[in-house]
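Enquirer: Sequence:
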Amino acid sequence: MVREQIAARGITNLRVLEAMGQVPRHEFVPAELRSRAYEDGPLPIGHGQTISQPYIVAFMTEALDPKPTDRVLEIGTGSGYQAAVLSGLVAEVCSIELVEPLARRAETDLRRLGFTHVKVRCGDGHLGWPEAAPFDAIIVTCAPEEVPPALVAQLKAGGRMIIPVGSQWGAQELVLLQRTPAGLEKNAVLPVRFVPMVKGR
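Mapping of the sequence shown onto the numbering used here: residues 4 to 204, in sequence order.
Some hints could be false.
[As the list claims (entries may be wrong)] Derived pair list, reagent style BS3-like, types lysine-lysine, alpha-carbon separation capped at 27 angstroms:
hint: 1; residue 1: 202; residue 2: 122
hint: 2; residue 1: 122; residue 2: 159
hint: 3; residue 1: 159; residue 2: 202
hint: 4; residue 1: 189; residue 2: 70
hint: 5; residue 1: 70; residue 2: 122
hint: 6; residue 1: 189; residue 2: 159
hint: 7; residue 1: 202; residue 2: 189
hint: 8; residue 1: 159; residue 2: 70
Please keep in mind that the hints were generated in silico from the structure rather than gathered at the bench.
Let the sequences and hints guide you as you build the complete structure.
Expert: Below, the structure is given as C-alpha coordinates:
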(Lines of atoms letter the chains of each structure in order from A and count residues from 1; the text may use other names and numbers.)
(Lines give C-alpha, C1' and ligand atoms only; values in the text may rest on other atoms or scores of the structure.)
Protein backbone atom coordinates (compact mmCIF):
# COMPACT_ATOMS: atom_id res chain seq x y z
CA MET A 1 0.00 0.00 0.00
CA VAL A 2 2.67 2.52 1.01
CA ARG A 3 4.91 1.78 -1.96
CA GLU A 4 2.31 1.45 -4.72
CA GLN A 5 -0.52 3.77 -3.64
CA ILE A 6 1.29 6.50 -1.71
CA ALA A 7 5.00 6.84 -2.50
CA ALA A 8 4.41 6.14 -6.20
CA ARG A 9 2.01 9.12 -6.33
CA GLY A 10 4.48 11.62 -4.97
CA ILE A 11 4.31 11.48 -1.17
CA THR A 12 7.95 11.96 -0.16
CA ASN A 13 7.91 12.80 3.57
CA LEU A 14 9.73 9.82 5.06
CA ARG A 15 8.14 10.26 8.49
CA VAL A 16 4.68 10.16 6.91
CA LEU A 17 5.51 7.10 4.83
CA GLU A 18 6.87 5.32 7.90
CA ALA A 19 3.78 6.20 9.97
CA MET A 20 1.48 4.93 7.20
CA GLY A 21 3.42 1.66 7.18
CA GLN A 22 3.21 1.20 10.93
CA VAL A 23 -0.54 1.66 11.49
CA PRO A 24 -2.59 -1.53 10.91
CA ARG A 25 -5.37 -0.16 8.71
CA HIS A 26 -7.36 -3.42 8.91
CA GLU A 27 -7.90 -2.78 12.62
CA PHE A 28 -9.93 0.33 11.79
CA VAL A 29 -12.45 -1.13 9.34
CA PRO A 30 -15.46 -3.35 10.06
CA ALA A 31 -14.60 -7.05 10.36
CA GLU A 32 -16.50 -7.96 7.19
CA LEU A 33 -14.36 -5.50 5.16
CA ARG A 34 -10.93 -6.36 6.54
CA SER A 35 -9.95 -8.21 3.37
CA ARG A 36 -10.33 -4.88 1.55
CA ALA A 37 -8.57 -2.72 4.15
CA TYR A 38 -5.52 -1.99 1.99
CA GLU A 39 -7.39 -1.27 -1.24
CA ASP A 40 -6.93 2.05 -3.01
CA GLY A 41 -10.20 3.64 -1.93
CA PRO A 42 -12.46 4.66 0.96
CA LEU A 43 -14.55 2.11 2.84
CA PRO A 44 -17.80 2.45 4.82
CA ILE A 45 -17.50 2.29 8.61
CA GLY A 46 -21.19 2.68 9.48
CA HIS A 47 -23.47 5.62 10.31
CA GLY A 48 -23.00 7.02 6.80
CA GLN A 49 -19.28 7.62 7.38
CA THR A 50 -16.14 6.30 5.68
CA ILE A 51 -12.47 5.64 6.31
CA SER A 52 -10.59 7.73 3.75
CA GLN A 53 -8.52 6.37 0.87
CA PRO A 54 -4.93 5.69 2.07
CA TYR A 55 -3.45 8.17 -0.42
CA ILE A 56 -5.73 10.96 0.83
CA VAL A 57 -4.75 10.23 4.45
CA ALA A 58 -1.07 10.44 3.47
CA PHE A 59 -1.59 13.55 1.31
CA MET A 60 -3.39 15.45 4.06
CA THR A 61 -0.86 14.37 6.68
CA GLU A 62 2.09 15.46 4.54
CA ALA A 63 0.38 18.79 3.76
CA LEU A 64 0.23 19.55 7.50
CA ASP A 65 4.02 19.10 7.74
CA PRO A 66 3.66 17.59 11.23
CA LYS A 67 6.44 18.21 13.77
CA PRO A 68 7.23 15.97 16.77
CA THR A 69 6.30 18.78 19.19
CA ASP A 70 2.97 19.65 17.52
CA ARG A 71 -0.44 19.48 19.13
CA VAL A 72 -3.01 18.66 16.46
CA LEU A 73 -6.79 18.99 16.39
CA GLU A 74 -8.66 16.52 14.19
CA ILE A 75 -12.28 17.12 13.22
CA GLY A 76 -14.05 13.90 12.25
CA THR A 77 -12.49 10.99 14.17
CA GLY A 78 -14.43 8.41 12.18
CA SER A 79 -12.64 5.09 12.59
CA GLY A 80 -9.65 6.65 14.37
CA TYR A 81 -7.25 5.73 11.54
CA GLN A 82 -6.13 9.27 10.68
CA ALA A 83 -5.59 10.02 14.37
CA ALA A 84 -3.50 6.86 14.69
CA VAL A 85 -1.29 7.90 11.77
CA LEU A 86 -0.83 11.37 13.23
CA SER A 87 -0.08 10.04 16.70
CA GLY A 88 3.21 8.61 15.44
CA LEU A 89 4.26 12.02 14.14
CA VAL A 90 3.20 14.58 16.78
CA ALA A 91 3.09 15.08 20.55
CA GLU A 92 -0.70 15.00 20.96
CA VAL A 93 -3.86 14.55 18.90
CA CYS A 94 -7.23 15.89 20.08
CA SER A 95 -9.98 14.38 17.94
CA ILE A 96 -13.68 15.25 17.77
CA GLU A 97 -16.44 13.03 16.38
CA LEU A 98 -20.13 14.01 16.19
CA VAL A 99 -21.48 10.44 15.97
CA GLU A 100 -21.26 9.04 19.49
CA PRO A 101 -21.01 5.30 18.61
CA LEU A 102 -18.10 6.06 16.26
CA ALA A 103 -16.37 8.20 18.89
CA ARG A 104 -16.67 5.42 21.48
CA ARG A 105 -15.47 2.74 19.07
CA ALA A 106 -12.53 4.80 17.86
CA GLU A 107 -11.46 5.62 21.40
CA THR A 108 -11.63 1.93 22.35
CA ASP A 109 -9.67 0.82 19.27
CA LEU A 110 -7.00 3.49 19.68
CA ARG A 111 -6.46 2.54 23.32
CA ARG A 112 -6.44 -1.19 22.50
CA LEU A 113 -3.81 -0.67 19.82
CA GLY A 114 -1.57 1.46 22.04
CA PHE A 115 -2.18 4.90 20.57
CA THR A 116 -2.23 6.48 23.99
CA HIS A 117 -1.67 10.16 23.22
CA VAL A 118 -4.88 10.58 21.24
CA LYS A 119 -7.81 12.17 23.08
CA VAL A 120 -11.29 11.60 21.62
CA ARG A 121 -14.43 13.49 22.47
CA CYS A 122 -17.96 13.45 21.08
CA GLY A 123 -19.05 16.88 19.92
CA ASP A 124 -19.68 19.38 17.14
CA GLY A 125 -16.55 19.86 15.06
CA HIS A 126 -17.65 23.35 13.98
CA LEU A 127 -16.90 24.49 17.54
CA GLY A 128 -13.48 22.88 17.78
CA TRP A 129 -11.98 22.17 21.22
CA PRO A 130 -11.54 25.65 22.73
CA GLU A 131 -10.29 24.58 26.16
CA ALA A 132 -7.42 22.64 24.54
CA ALA A 133 -6.54 25.40 22.02
CA PRO A 134 -4.42 26.77 20.47
CA PHE A 135 -3.20 24.05 18.09
CA ASP A 136 -0.15 23.89 15.86
CA ALA A 137 -2.19 22.16 13.17
CA ILE A 138 -5.80 21.25 12.42
CA ILE A 139 -6.96 18.49 10.09
CA VAL A 140 -10.60 18.21 9.03
CA THR A 141 -11.88 14.97 7.47
CA CYS A 142 -15.41 16.08 6.61
CA ALA A 143 -16.46 18.92 4.35
CA PRO A 144 -18.11 22.16 5.52
CA GLU A 145 -19.34 24.60 2.90
CA GLU A 146 -17.12 27.27 4.47
CA VAL A 147 -14.18 27.13 6.88
CA PRO A 148 -15.61 27.35 10.44
CA PRO A 149 -14.40 30.58 12.13
CA ALA A 150 -13.96 28.80 15.48
CA LEU A 151 -11.34 26.52 13.96
CA VAL A 152 -9.39 29.43 12.53
CA ALA A 153 -9.47 31.09 15.97
CA GLN A 154 -8.01 27.94 17.56
CA LEU A 155 -5.02 27.85 15.21
CA LYS A 156 -1.69 29.14 16.52
CA ALA A 157 0.18 31.89 14.72
CA GLY A 158 2.08 30.10 11.99
CA GLY A 159 -0.24 27.11 12.31
CA ARG A 160 -1.54 25.04 9.39
CA MET A 161 -4.98 23.67 8.62
CA ILE A 162 -5.97 21.18 5.91
CA ILE A 163 -9.71 21.04 5.22
CA PRO A 164 -12.04 19.95 2.41
CA VAL A 165 -14.44 22.78 1.55
CA GLY A 166 -17.51 22.68 -0.65
CA SER A 167 -21.04 21.44 -1.12
CA GLN A 168 -22.17 17.90 -0.49
CA TRP A 169 -23.69 17.99 -3.99
CA GLY A 170 -21.09 20.03 -5.87
CA ALA A 171 -17.36 20.57 -6.12
CA GLN A 172 -15.11 20.23 -3.10
CA GLU A 173 -11.50 21.37 -2.79
CA LEU A 174 -8.92 20.37 -0.25
CA VAL A 175 -7.68 23.71 1.08
CA LEU A 176 -4.43 24.33 2.95
CA LEU A 177 -4.51 27.36 5.25
CA GLN A 178 -1.72 28.99 7.21
CA ARG A 179 -2.13 31.66 9.85
CA THR A 180 0.47 34.36 9.11
CA PRO A 181 1.13 37.85 10.54
CA ALA A 182 -0.51 39.23 7.39
CA GLY A 183 -3.64 37.09 7.78
CA LEU A 184 -4.88 33.73 6.61
CA GLU A 185 -3.20 32.28 3.52
CA LYS A 186 -5.42 29.87 1.56
CA ASN A 187 -4.37 27.51 -1.22
CA ALA A 188 -6.60 24.95 -2.93
CA VAL A 189 -4.44 21.86 -3.39
CA LEU A 190 -6.64 18.98 -4.59
CA PRO A 191 -10.21 18.27 -5.75
CA VAL A 192 -11.78 15.76 -3.33
CA ARG A 193 -15.03 14.15 -2.21
CA PHE A 194 -15.73 13.94 1.54
CA VAL A 195 -18.84 13.33 3.61
CA PRO A 196 -20.44 16.63 4.72
CA MET A 197 -19.56 18.27 8.02
CA VAL A 198 -22.76 18.16 10.08
CA LYS A 199 -23.60 20.53 12.90
CA GLY A 200 -24.51 19.11 16.29
CA ARG A 201 -28.11 19.29 17.44
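Enquirer: Hint by hint, which ones does the structure fall short of?
Expert: Failing hints: none at all.
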